[in-house]
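First to last, the protein sequences are chains A, B and C.
If you read the first sequence in the numbering used here, its first letter stands for residue 1, the second for the next number, and so on.
If you read the second sequence in the numbering used here, its first letter stands for residue 1001, the second for the next number, and so on.
If you read the third sequence in the numbering used here, its first letter stands for residue 2001, the second for the next number, and so on.
Treat the hints as calculated values from the structure; they're not laboratory data.
For glycine and all other residues, C-beta sits at the position ideal for the given N, C-alpha and C.
Certain hints may be false.
[Stated by the list, open to error] On the chain B side, residues computed to face chain C include the following (Cβ under 8 Å):
{"#": "1", "residue": "Phe1137"}
{"#": "2", "residue": "Ser1284"}
{"#": "3", "residue": "Asn1304"}
[To be verified] Keeping only pairs whose Cα atoms sit at most 30 Å apart, straight-line, the calculated DSSO-like set for lysine-lysine is:
{"#": "4", "chain 1": "B", "residue 1": "Lys1221", "chain 2": "A", "residue 2": "Lys92"}
{"#": "5", "chain 1": "A", "residue 1": "Lys92", "chain 2": "B", "residue 2": "Lys1240"}
{"#": "6", "chain 1": "A", "residue 1": "Lys204", "chain 2": "A", "residue 2": "Lys14"}
{"#": "7", "chain 1": "A", "residue 1": "Lys204", "chain 2": "B", "residue 2": "Lys1221"}
{"#": "8", "chain 1": "B", "residue 1": "Lys1221", "chain 2": "B", "residue 2": "Lys1240"}
{"#": "9", "chain 1": "A", "residue 1": "Lys204", "chain 2": "A", "residue 2": "Lys143"}
{"#": "10", "chain 1": "A", "residue 1": "Lys92", "chain 2": "A", "residue 2": "Lys14"}
{"#": "11", "chain 1": "A", "residue 1": "Lys258", "chain 2": "A", "residue 2": "Lys14"}
{"#": "12", "chain 1": "A", "residue 1": "Lys143", "chain 2": "B", "residue 2": "Lys1221"}
{"#": "13", "chain 1": "A", "residue 1": "Lys204", "chain 2": "A", "residue 2": "Lys92"}
{"#": "14", "chain 1": "A", "residue 1": "Lys143", "chain 2": "A", "residue 2": "Lys92"}
{"#": "15", "chain 1": "A", "residue 1": "Lys14", "chain 2": "A", "residue 2": "Lys250"}
{"#": "16", "chain 1": "B", "residue 1": "Lys1240", "chain 2": "A", "residue 2": "Lys143"}
{"#": "17", "chain 1": "A", "residue 1": "Lys14", "chain 2": "B", "residue 2": "Lys1221"}
{"#": "18", "chain 1": "A", "residue 1": "Lys258", "chain 2": "A", "residue 2": "Lys204"}
{"#": "19", "chain 1": "A", "residue 1": "Lys250", "chain 2": "A", "residue 2": "Lys204"}
[What the hints assert, rightly or not] Simulated restraints on C-beta separations:
{"#": "20", "chain 1": "B", "residue 1": "Ser1209", "chain 2": "C", "residue 2": "Pro2075", "range": "38 to 44 Å"}
{"#": "21", "chain 1": "C", "residue 1": "Val2191", "chain 2": "A", "residue 2": "Gly205", "range": "42 to 48 Å"}
{"#": "22", "chain 1": "B", "residue 1": "Val1314", "chain 2": "C", "residue 2": "Phe2038", "range": "48 to 54 Å"}
{"#": "23", "chain 1": "C", "residue 1": "Val2191", "chain 2": "B", "residue 2": "Val1302", "range": "32 to 38 Å"}
{"#": "24", "chain 1": "B", "residue 1": "Ser1127", "chain 2": "C", "residue 2": "Leu2209", "range": "50 to 56 Å"}
{"#": "25", "chain 1": "B", "residue 1": "Ser1209", "chain 2": "A", "residue 2": "Gly205", "range": "39 to 45 Å"}
{"#": "26", "chain 1": "B", "residue 1": "Leu1109", "chain 2": "C", "residue 2": "Ser2251", "range": "38 to 44 Å"}
{"#": "27", "chain 1": "B", "residue 1": "Ile1013", "chain 2": "C", "residue 2": "Leu2225", "range": "36 to 42 Å"}
The primary structure of each chain is shown beneath.
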Amino acid sequence: MAVASNNPPLLEVKNLRVEFPTRRGTLLAVDDVSFDIAPGEVLGVVGESGAGKSLTGNAIIGLLEPPGRVAGGEIRLEGRRIDNLPYEEMRKVRGARIGAIFQDPLTSLNPLYSVGRQLVETIQTHLPLSAAAARQRALDLLKEVGIPGAESRIDHYPHQFSGGMRQRVVIALALCAGPRLIVADEPTTALDVSIQAQIIALLKGLCRDHGTAVMLVTHDMGVIAETADRVAVMYAGRIAEIGPVRDVVKHAKHPYTKGLMGSIPSLGVRHDRLTQIDGAMPRLTEIPRGCAFNPRCAERGARCLIERPDLMSAGTSRAACWLHDRGGVGAPVAPEMADA
Amino acid sequence: MLAFILRRLAQSIAVLLAVGLVAFSLFRYVGDPINAMVGQDTTMEARAELRDKLGLNDPAPIQFFHFITNAAQGNFGLSYRTSEPVGRLILERVPATLELSFCAAVFILFVGVPMGVYTGLYPRHWSSRLLQAVSLFGVSLPPFLVGILLILIFAVSLHWLPSFGRGQTVQIGWWTTNFLTLSGLKALILPSITLGLFQLTLIMRLVRSEMLEVMRTDYIKFARARGLTNRAINFGHALKNTLVPVITVFGLQLGSLIAFAVVTETVFAWPGVGQLFIQSVQFSDIPVMAAYLLLIGLLFVVINLTVDLLYSAVDPRLRGAGSARPAGH
Amino acid sequence: MAGWLHRVTDSDIWWSFKSSPMTVAAALLTLFIFAIAFLAPILAPHTPFDPATLNLSDGLKPPVLISADGDWTFPLGTDDQGRDVLSSIMYGTRLSLEVGFASVLVAMLIGIALGLVSGYFGGTVDAVIMRIADVQLTFPAILVALLIDGVVRGLISVKRHDEIALLVIVGAIGLSFWVSYARTVRSSVMVEKNKEYVQAARVIGLSPLLIMVRHVLPNVTGPVLVIATLNLGLAIITEATLSFLGVGLPSTEPSLGTLIRLGNEVLQSGDWWITVFPGITLAALVLAVNLLGDWLRDALNPKLR
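Chain A extracted, bound-state conformation:
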């Protein structure tokens, strides 16, 4: 479960802005995003495609692809600023203090090198171990992630593993230098449904054993509900709601989150109808004035069209919605007609 909040946070993201200069102007893909991750906790970051969650993850590990760049805000790891480090300094942070897992295990591994060699290389880059000791550590990790016959498979090549096994190798690679935080970007999306649960359980178990925190980026709410301690819901480059997972799922405070939760079917619960939120998330070039969600919101008021809400306290969570402000939303305004 989540650790007590008076421990200093492992990761602090404050007012992060990521922008993309394009030939049609500068796009703001991540707009004033702030959150913390405590040591050992699992923070889920959920949202539709294009909401900015992967970019946030990339910004944290310092691998934003040009022309994207961090345009404002701070990222601190264990109190130390990492968003403005020179490349070589950040390189030492990557792998050793922050690990990353990406979506497709097939393309994440270099096909020409054996799994063992890739592990040993990473280990020896960050830890002062001899080749033999590094190899032993690699073996232990492979066993830990559940690769059967690790002694012989350590010298096998990526194409000789199945999809689920490969993702286990990827997890081993991410953990092998002992990072305190793992940024996992859609780690199960490319896997068969039957394997997804195994991998998620493995990730959660390993991180608990090693005391590693996880930032789990996904569009799959079910995974979050199973795995995360807290969840942040992103919309159009901003955080709409953030809070303990049980509270956000059962008692969503932001209208968008409510819509999301209502659209997930679950066994054993009778739904008359799955909720569907009319309209679509706006493109980065056409973000509405005021609250970005307002055109699709059934509970909006006049204020929502003019003032943009920051995250504000709403029970045990925080939500970016005037509904939770003493001033309220002002006079109700009907939602815009959805496009056909």
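Position chains B and C against the provided structure of chain A, taking the given hints into account.
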């Protein structure tokens, strides 16, 4: 693996036989061998006798068989132009062409590949852009023009290097070599550059585009995310993946070099097999053309086979059941 | 017509064209060269290959700006027979372009035809054609072209050969480049062949071949165009090389390659202009074509959008 080798071997032999068939058809059916061999006043009977003696009246498959067996022993008949045995003509000139091609290949490998790697790793740097622009020139200039230009500058104007011929050569057994004399080495420079330049720009652009694609892959991104050093990423991971498809191209280029020597040898009056071939085309000297064809065919087949084997040795994905080279990464 | 034009100027391709100054420059250069070549009979100050107009005393004049011996009627100088270099270049470029385009066209036609046949009929026909393609691919195009030329030379007399040299060259180069087209078309045909509309057409009694042509050909236009742009530069270079080697276009109707060869013979004595100017023209032409081809390939490549 063995199945793969055997299959490729069988394919190679099939290709060789096909080439042999073409060469044979040329030999037998284009022009009249008898006419080229005898004088004008030879009688019809003498010609008919000669025809019989040479087996020219035998059924075609038998003639083909004889042709192949003769060819395997290096017997290609006599040149129409000089009446010398074709086999000997070719043998005399092969060292010149091979040494020239070897130098050009070295030039390509040690200049072109590094340039490609460099422009692939740092594509936005001004030096990369400059090299790119220059390479565009390299691809657009026909090799013979390059040769003429080089001769104009370095031989006619500056008098630094010779404009034609092989210079002094040293004979070792049946091989003559340029490498042991200063004038021989000097004579090699301009022709090698001329021969290699076109292929060099091709390889440079290929390596560059492969490198750029490799640098965009997920495994490179993951390698960075693991905090590997730039050196490990660029030269460990990226380079190896880039060079694997380049092996194929370089192998094919070796063959091209030997074939394109035709042009370079003409420009520089280099006494190699290529120059011989051109003379044979101009003169319609069929036996020489046929022999050259077979020789080149053999060379290409051997090179292709070697490249395939090398490829499967380097890429572990191919070491399973016999398969062709993969198209992507 | 206006609507179509509007679509073109609005498209991504036009945007990428306009925004790259090098491509625009290349396009202008190409147009310029094409125009000159096309209008050569009208623009050229002399007719260098009509022996009646030649005067040996005009021979070996240097270019007008380099030396006092120059003459504005022969701005780029003359060769040893008194032929005006500038006019020779114009006519030569025209010939080089003719051969280049014609041979690419021939290669395309042969390639598409064989690709269609090979893909549609499959079986032995396909196997035979592909084997031939494989064997031919082991040889660089220039060798194939040389071989074909040598064979033709062996079959007919020299004089007759000179007369039809243009046809022989176009045929030789075309025959050496057909393979890439054939392969592309073949794979498209093999994909379409199994689609249901082809079988339906067969049931109705329509000729499936015609149906496929109507559906396959539009699909392959893109890749075929890409191959053609690569080929054009190569074809021009191949022709120039063959002519330079003396087995291409003869000196009675010289292309740029032939001109370079003729000039090469007097190069050692310092009369450089006879070779260098055609050389520069050739290089500029191929460079421009290559640049345009590069741009076209990038613009048509869906992966880079």
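query = Which earlier hints can't be squared with this structure?
reply = Checked against the structure, no hint fails, so every one of them is satisfied.
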